[in-house]
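Protein chains in written order, with our numbering: chain A, 1 to 366; chain B, 367 to 732; chain C, 733 to 1098; chain D, 1099 to 1464.
There's no promise every hint is true.
The calculated label-pair distances, taken between Cβ atoms and stated as ranges, are [to be verified]:
#, chain 1, residue 1, chain 2, residue 2, range
1, A, GLU151, D, LEU1251, 52 to 58 Å
2, D, ALA1273, B, LYS633, 33 to 39 Å
3, B, ASP724, A, CYS64, 35 to 41 Å
Stretch-level coverage of chain B by chain D, calculated; a stretch enters the list once three of its residues show a Cβ under 8 Å from a Cβ in chain D [as the list claims (entries may be wrong)]:
#, stretch
4, 530 to 542
5, 565 to 572
6, 608 to 622
7, 725 to 731
With a straight-line Cα cutoff of 20 Å, these simulated EDC-like cross-link-like pairs (lysine to aspartate or glutamate) come out [stated by the list, open to error]:
#, chain 1, residue 1, chain 2, residue 2
8, C, LYS986, D, GLU1283
9, C, LYS878, A, GLU188
10, D, LYS1410, A, ASP358
11, B, LYS509, B, GLU405
12, C, LYS986, D, GLU1261
13, B, LYS537, B, GLU561
14, C, LYS999, D, GLU1286
15, A, LYS21, D, GLU1133
16, D, LYS1459, B, GLU681
17, A, LYS270, C, GLU1097
18, A, LYS361, C, GLU767
19, D, LYS1420, D, GLU1195
20, A, LYS171, A, ASP196
21, B, LYS620, A, GLU188
22, D, LYS1459, B, GLU731
23, A, LYS322, A, ASP196
24, D, LYS1352, C, GLU1094
25, A, LYS267, B, GLU554
26, D, LYS1244, D, ASP1414
27, B, LYS727, D, GLU1249
28, B, LYS509, D, ASP1414
29, D, LYS1459, B, GLU554
30, A, LYS361, C, GLU883
31, C, LYS999, D, ASP1210
32, C, LYS1093, A, GLU365
33, C, LYS753, B, GLU554
34, B, LYS509, D, GLU1460
35, A, LYS143, C, GLU895
36, A, LYS254, B, GLU401
37, D, LYS1269, D, ASP1294
38, B, LYS512, D, GLU1460
39, A, LYS254, B, GLU561
Rather than coming from a laboratory, the hints here were simulated on the basis of the structure. Glycine residues also receive a C-beta, built at the ideal position from the N, C-alpha and C atoms.
There are 4 protein chains.
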Amino acid sequence: MAGSIYGKLFRASTWGESHGKGVGVVVDGCPAGLELSEEDIQGYLNRRKPGQSKYATPRKEEDCVEILSGVFEGKTTGTPISMVVMNHTQRSGDYSEIASYYRPGHADYTFDEKYGFRDYRGGGRSSGRETIARVAAGAIAAKLLKQFGIEILTYTKSIGPVEIDYQKFDKNVIAENSLFMPDSEAAEAAGLYIEDMMRAHDSVGGMAECIVTGMPTGIGETVFDKLDANLAKAIVSIGAVKGFEIGDGMAVAKAIGSVNNDGFAMKGGKITKLSNHAGGTLGGMSDGSPIVIRAAFKPTPSILHEQATVNKAGEDITVSIKGRHDPIIVPRAVVVVESMVALTLIDGLMENMCARLDLMKEFYER
Amino acid sequence: MAGSIYGKLFRASTWGESHGKGVGVVVDGCPAGLELSEEDIQGYLNRRKPGQSKYATPRKEEDCVEILSGVFEGKTTGTPISMVVMNHTQRSGDYSEIASYYRPGHADYTFDEKYGFRDYRGGGRSSGRETIARVAAGAIAAKLLKQFGIEILTYTKSIGPVEIDYQKFDKNVIAENSLFMPDSEAAEAAGLYIEDMMRAHDSVGGMAECIVTGMPTGIGETVFDKLDANLAKAIVSIGAVKGFEIGDGMAVAKAIGSVNNDGFAMKGGKITKLSNHAGGTLGGMSDGSPIVIRAAFKPTPSILHEQATVNKAGEDITVSIKGRHDPIIVPRAVVVVESMVALTLIDGLMENMCARLDLMKEFYER
Amino acid sequence: MAGSIYGKLFRASTWGESHGKGVGVVVDGCPAGLELSEEDIQGYLNRRKPGQSKYATPRKEEDCVEILSGVFEGKTTGTPISMVVMNHTQRSGDYSEIASYYRPGHADYTFDEKYGFRDYRGGGRSSGRETIARVAAGAIAAKLLKQFGIEILTYTKSIGPVEIDYQKFDKNVIAENSLFMPDSEAAEAAGLYIEDMMRAHDSVGGMAECIVTGMPTGIGETVFDKLDANLAKAIVSIGAVKGFEIGDGMAVAKAIGSVNNDGFAMKGGKITKLSNHAGGTLGGMSDGSPIVIRAAFKPTPSILHEQATVNKAGEDITVSIKGRHDPIIVPRAVVVVESMVALTLIDGLMENMCARLDLMKEFYER
Amino acid sequence: MAGSIYGKLFRASTWGESHGKGVGVVVDGCPAGLELSEEDIQGYLNRRKPGQSKYATPRKEEDCVEILSGVFEGKTTGTPISMVVMNHTQRSGDYSEIASYYRPGHADYTFDEKYGFRDYRGGGRSSGRETIARVAAGAIAAKLLKQFGIEILTYTKSIGPVEIDYQKFDKNVIAENSLFMPDSEAAEAAGLYIEDMMRAHDSVGGMAECIVTGMPTGIGETVFDKLDANLAKAIVSIGAVKGFEIGDGMAVAKAIGSVNNDGFAMKGGKITKLSNHAGGTLGGMSDGSPIVIRAAFKPTPSILHEQATVNKAGEDITVSIKGRHDPIIVPRAVVVVESMVALTLIDGLMENMCARLDLMKEFYER
C-alpha cells in the first residue's frame, strides 16, 4: 500500500494503527523559519479528542504529541518534522470477537481481500485514530497559511435533519458547543436528535462545512490538479465521507446559467465577484472569493443495533457492535476536514510560485 | 503549471488549446500487448463530438485522432502512446472581443491573475476541447479494463429539474437520444426544458452518473489514495463539476446507521453485500459491489443572457456572449466522466498488484 | 512502462520510436512569460544532428521541430508545450534481419524479456532518436536558466585514449570541430584514432564534461533529492552512459582529506571556496562554485566487427551489424548531456523557491 | 525541503538530526505478509555501528531500532512501517564552536544559504546519522528481495591506494575485518595506510562495490527511469559519494566496441551473456547477469589537520576539527550502499509487474 503519503511539495507521510504503539506523521517540505512548538499541534489535536461531550465516546485517550525532529531553537529548519502520539490506553483484549466477522460499513472485509489478513484491533489502520496524523500535519499547514493571511473556518453544518440557520450564524459559538455548530439553537436540537438515536441504538450522519478566507488569486493548476479537484480528493480521503461539494455543489445541476454565473464588478479599484456560487475557484484556480466546501459524513457504522453479516467461517450471522462509539462522526471530524484543506492549500501556494518567469526572476534577483 | 499529468503508473500527459494547432495526450505506462487502433479511440471521441443533437453547438469539428507512437503491429509495445487531434476549423478572429473582458463563470480572470496573460482564443487551455485528450487516454484505459471484465456505464441522470426514472431505466436507450439519458421519456422532457431555456437565452445544469461493474475487491489504497478519493479528484478535475458523490452521496448526512450500513450475507458461497449505500467501496477499497458515482455540472457559463462583468480597462460593463455554445454541458461530458473513471481504475488495478508478498512471489515464479 | 516522464515541477513527457511516425515531448510546468520560438529549439536539435562530420552517420535526417501548444504571441503561457519532430526518411525494410536476433550491447533482448515483443525497427524506443525529445525539452530549460544567469558549457573531454589538454582549452573551438572538443589538437588526434577504429570495423568510447556557471547557492534538497543525485540520474538515464562523476569523481577514492576539502575564504566581501574538488555541491546543495560533471559513454554497440549472439530460434550465431552507424557516441550526445543537466537544474530552482518562509512571504506580499 | 522521501511504490520517508531526539523512517508500500521483526532491522543497523574497529570513532552509540507500526502478529500488514532509533548519548555542548564557522567539505555553508540558519549540532540533518533511516528501510527491502532469490553483496573495494585483489576475493572474509574488505591482505595493508594518515591528522577516501545476483530480467523502465539511472541517484544521494559506475564504468570511455559489447550465447537452453562489461543492464533493464556497481567516497571532511575557512563574522580563520571522527567513511557506508540498492531494486520489481497485459490478466484471473 503506497497510499499514506499526501502532497507534492508539502508532504505528510502518516503511519499508525488504532491499537499499535502509536500514530504519527513525518512532514517533508515545510519551509524553514516557522515558529513551531508542540502546543501549536496539541491545540489542533485537542479539537478531535473524544470525551469532550456526552455524545462522544467516554474512552479516555491521552493524545499528547511529541515533535521528534525538524525544529531547532523554536523554528522549523526545513528538514522533516516527525511527530508522534503514542497509544497508551489500548487493550487488545477488547477486540477478539471482532476478528471473527466482518463489521458492516467497516473496512474489515476489503482489508482481508486486499492483504490476506488484517490487524483487527480497533479497526487497525482504518481506525479514526489514523486522523491524528492528518491533524498534526494540518496544524503546521494551517499555521503556515496564517502567515499569508489565510484563515480556515470549519464547523458542523448539519446533523441528521437538523441544519444550521445562516441567519443565526455566530462563529464564536462553534467552540462553545460540543457539536461544533455555529448556531446554538441548531446545536441544541441536534443534541436532542442524537440522544433519540442513541436510545434507538443507532447512529446519525451529518455535514461539515469549511470556509477559507484570504486566499490569493490564481492558486491551483488548470487541468488535473485544479484546486477544487485536489480539495475533493483531500476531503473524500477522510473515512466516512461520501460526498463533496464546492460552492453551490450538487445544486448546480438544477441551476440556470444566468443565476449560477458570478458576475464581476469593480469594488474599491479591485475586480470582485458579485456572488460566489462558484465557491472560490474558476477554472481550477482560486478567484479571490472565499472558498466554500462541504463534506457529507455517513453515520458511524459501529452500532448496537442488530445487523446482518458474515463470519470467517462463512456463516450468516447477526451482530450488535458493543464498545464506546460516537453516535456521530462529524463534530470530531471538523478539525480533520480543516487539516486536509490546510495541507492542500499550502501545497498549492508552493507550486504556484513557479507559475511566472517574471516573478521567479524577481525571487532570485532579490 | 504542472497540472496536466494524471495518474501514478498509468499516466496521461495532456496538452493543447482550443485554438492552437491541436490537442493531444501522451500515455506513459500502458502495459504491452493490448490490441489498439485509432478506431478504438475514435469511437470514444465521437461520443463527445458536438453537433450530434439540436441542443449541441452546430460547430463542425473534425476530431480525428492519430496515434503517433507506442503501437507496433497492432499492439501496444509498453512505450508511450502519443495521440493527437489537430484543430482544423478554428478561426481566431471570432474571439477578439473576448480578449477585452472577463467572462463570468470562465477562467479568464484567474488565468490572467496566475500567469499575467492568457491565450484568450476560445478559452485557450480551459476550453472544453481540453477534454479530447482525457477521452483519448480514457479510451485506452477503458479498453484495458474490459480485459479484466470491468465495464463502465455512464449516462445523464438529470437535466435541470428533469430526472430519470429508475423504473424506466434502459441502458440501450442511452445512445439513442442526444442527451444520453437511459429513460426516453425523461430525455424528451429534458429536451423541452432545454428549448425553453434556449429561448430565454439561458443555459442549464445537470448530473451525470457512472456505474462500474466487474471490479475486483481490494482495489484502492487505504488512507490518502482511497479509490473514492482518487475518483473524486478525477471527476472534480473536469471543468464545470461542482459536486461529487459516491453511493448515497450527500444524502448520507441525513441517514441513520442501521439503514446506511450495508450488511453482508453469503450468496452462492461468496460474501456479498445486501445493499450498496456505500457505492462500491469500503475503507477506500473496492468491495465487489458496483461502484456508483455522480457528478453535478453547472450550467454552461457562456450565455446570450446579459451579464455584469469588468473589462481590461477596469470598467463595469454588461456582456452577452454570442457564438455557438451548448446550452447544457452534461451530455457531451458523459464520456469525459467515463474516461476519468477509467484512468483512475486502471491505475488502481496496477498499484494493487504490489499489495501482497505471496502474490508478488507467484508472479515472479511463474 | 512508466519511465518516460522526467522532473517534478518542470516535467518532460517524451514519446516516439526510431521508425514510428515521429518523436516528441510535452513539457508541463514551464513558467509563463518566456519568449520561445521553434528556432530556439531547432538550434539545440541541430547540435545532435547526424551527418555533420565524416565520423557521424551520413544518414540524412530532417529533424524539424514544430511547437503545437503552450506558446501564444511568442511567449509561453504556462500551459503544456507540445513539440514534435516527425520521422520522414525511415524505411522499415532496413531492419527486417535485426528482428531475428539480439544485437550485443543493445536493448533487444531485455525489451523482449520485459514486454514479450518489441518494435525492432531501428532500436524502436531505445534508439538514439529518443534523445531528440530530451533535447527539445532541454532547449527550453536552458533558455529559462539563462534568464537567471546560469550558463551550461558541455563538450567532449576524451575519445578513446585521446584527452583534451586543459592548458589548450578554448571554448570557442568546441563548435568548430565535429567532435565538439575544446582543444583542436586533441580533436585532430581523436579524429585519426576514430579513423583507425573505423577501418578495424570497430567503435570507440569517450567522455563528455559539463560545466555550469552562475548557479545560485542552496539549490538541491538535502537527503535523497540532492542536486548531485538528481544529476547522476539525469546523466545515467542517457543510453550508453556507464559512469557519472561530479568534481573529482572516482579519484576521490584515492584522495586525502586535507587536499580534497575545499577551504573557504572571503573574496570581495563574499564567501568563496578556495578550490573546487567538490564540483559545485556541498551536502547536495549548490555551493556557488561551478558545477562540474562528467559522463562516460561506451563505444557504439553497432559494429561491422563480427560478434557472437543468439537468434530467435535459440541458435548461436555470429553477426556483423551493417548500416550507417556512428563509430562514436559522445559528440552527438554532448547536447543531450547539456539538456538533461538543464532539465535537472530548472527543476531544482523551482523546488527551492519553497525552502524558506520569509522568502515565500515576500513573494506573496509583493 | 521535499527531499527526504525515496521511491515510487516502495517509499521511505526519513527524518532526524544528529543531535535531535532520534532518527527514523516510515516505509509506505511494503507488501503485506513479510515476516518482520526488530532483529531483522537491527542486524543491518549493527553493520553501520561505530566503534567496531580501532579506525572507527569510539563514540558509544546505542542504535536500537523500534518498530512502531505496520507489523501485526509478526508479519507486515501492508500499512506503513514506522521505525525509530532514539538518540541517547548526544551532548549539544560539544558543538558550540562549530556553530561559529563553516567546516570545509561539510554542508554548513549551503544549509545556511538555503534555509537562513541551521541546526549546527553534529551536522544536523546532514550528519552520517541520517543514514540510519536508510539502512532501517533498506533492511526491509533486502529481506523482501531475498524472497525473490535476489542477493546483494557489498564490500569495500579500495581504501586510498590499496585495492582488493580479485584473485584473493573471499566473501566470507568481509565480515571478519573491520574494513569490510573481501581480501584479508588488502584489509591489513589498508589498515596500515589508515594508521599513517591518522598520525598525519588526515583522512582517506575509498570505494565500495556492490554485486546483485538473482535479478529477474527486464526490471527497470526504458527511458528516464532506467534501472541504472535510478541506482545512480540512489548511490550519489549518499553523503560523500562523488562518482558512480556500473559495469566497466568510467573505463568504457577508453574501450572499443568489439571488446565492450557482451555477446550472447545459449547455455543450458537459456540465453546468456558471454561477459558482463555492461554490469547487468541493457537499455536500462536488468539483463540477467549480476548487477555490478561502484561508489567513490571522498575522505572524511572532519580532520584535525589545519584548514582555511571563514567564520560567521566574515573573517578568514584556520580551524582544526576536533572530536571523534572516522578517518575513512567507506566501511561504515557499505551497508548504506547495500540499503540504497535494495530500496531501488524492490521498487523496480514492483513497477515491472504492470509491464505486460497478459501477465496482469493472469494475476487477476488467479
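20 Å Cα cutoff - pair LYS753/C, GLU554/B:
violated (46 Å)
Would you check the hint for LYS1093/C and GLU365/A, treating anything up to 20 Å between C-alpha atoms as holding?
At roughly 16 Å apart (the allowed maximum being 20 Å), GLU365/A and LYS1093/C satisfy the hint.
Would the hint linking LYS267/A and GLU554/B be met if the CA-CA limit is 20 Å?
violated (44 Å)
Restraint status (C-alpha distance of LYS143/A to GLU895/C at most 20 Å):
Outside the cut-off at roughly 57 Å; violated.
Check whether the Cα positions of LYS727/B and GLU1249/D lie no farther apart than 20 Å.
holds (15 Å)
For a C-alpha distance cap of 20 Å, please report whether LYS999/C and GLU1286/D respect it.
Answer violated: LYS999/C to GLU1286/D is near 44 Å, above 20 Å.
8 Å C-beta criterion, at least three residues: is the stretch 725 to 731 of chain B covered by chain D:
holds (count 6)
For a C-alpha distance cap of 20 Å, please report whether LYS270/A and GLU1097/C respect it.
Given that 20 Å is the threshold and the Cα spacing comes to 16 Å, the pair holds.
Would the hint linking LYS254/A and GLU561/B be met if the CA-CA limit is 20 Å?
Given pair LYS254/A, GLU561/B holds - Cα atoms ~15 Å apart, limit 20 Å.
Three residues minimum, CB to CB under 8 Å: does the stretch 565 to 572 of chain B make the cut for coverage by chain D? Let me know.
violated (count 0)
Taking the Cβ atom of ALA1273/D and the Cβ atom of LYS633/B, is their distance within the range 33 to 39 Å?
violated (58 Å)
20 Å limit on alpha-carbon distance, applied to hinted pair LYS986/C and GLU1261/D
Status holds; Cα separation ~10 Å.
Violated hints, in rising order: 2, 4, 5, 6, 9, 10, 13, 14, 16, 20, 24, 25, 26, 28, 29, 33, 35, 36, 37; the structure is consistent with all others.
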